[in-house]
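Engineer: Could you build the full structure based on these sequences and the hints that come with them?
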Amino acid sequence: MKKRRRQIIAGSIFFILAIISGSYNEIAELVLFSVSYVIVGGEIVVKAVRNISRGQVFDENFLMSVATIGAFAIGEYPEGVAVMLFYMVGETFQSYAVDKSRKSIASLMDIRP
39 MKKRRRQIIA GSIFFILAII SGSYNEIAEL VLFSVSYVIV GGEIVVKAVR NISRGQVFDE
99 NFLMSVATIG AFAIGEYPEG VAVMLFYMVG ETFQSYAVDK SRKSIASLMD IRP
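Per the working numbering, the very first residue in the sequence shown carries number 39; after that it's consecutive.
Heads up, none of these hints are tricks.
Lysine to aspartate or glutamate pairs mimicking DMTMM-like chemistry, simulated, CA-CA at most 20 Å apart: (1) K85 x D97; (2) K141 x E129; (3) K40 x E81; (4) K41 x E129.
Calculated directly from the structure, the hints in this document are not laboratory data.
Structural biologist: As structure tokens, this is what we get:
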């Protein structure tokens with residue numbers, strides 16, 4: 039959870055820097071968006087490739103990878119990074135909710151006679 043939070047924060051910082059630098063230098067913009075994407079989405083792309091090799095083609099990692107790499111391919115760098123960033127934020131909230139639910143269920147199990 040802490041690792042994911044660090045990835046989101048670092049990716050967001052590079053994302054903001056890329057947006058700011060875009061009006062000054064297009065090469066710097068591309069590099070910063072790429073760094074942000076690797077920080078936030080690199081793990082997702084690796085999972086997608088790993089799952090493809092296992093025969094699990096159409097999972098969420100694959101679909102997110104195709105969508106965001108497609109955005110990069112057509113030159114929509116901010117959208118590609120933003121989609122992956124929002125996906126990671128959503129995954130973080132989901133993980134938090136699942137952990138909280140497990141703890142609540144465990145505490146209820148301790149109450150019963």
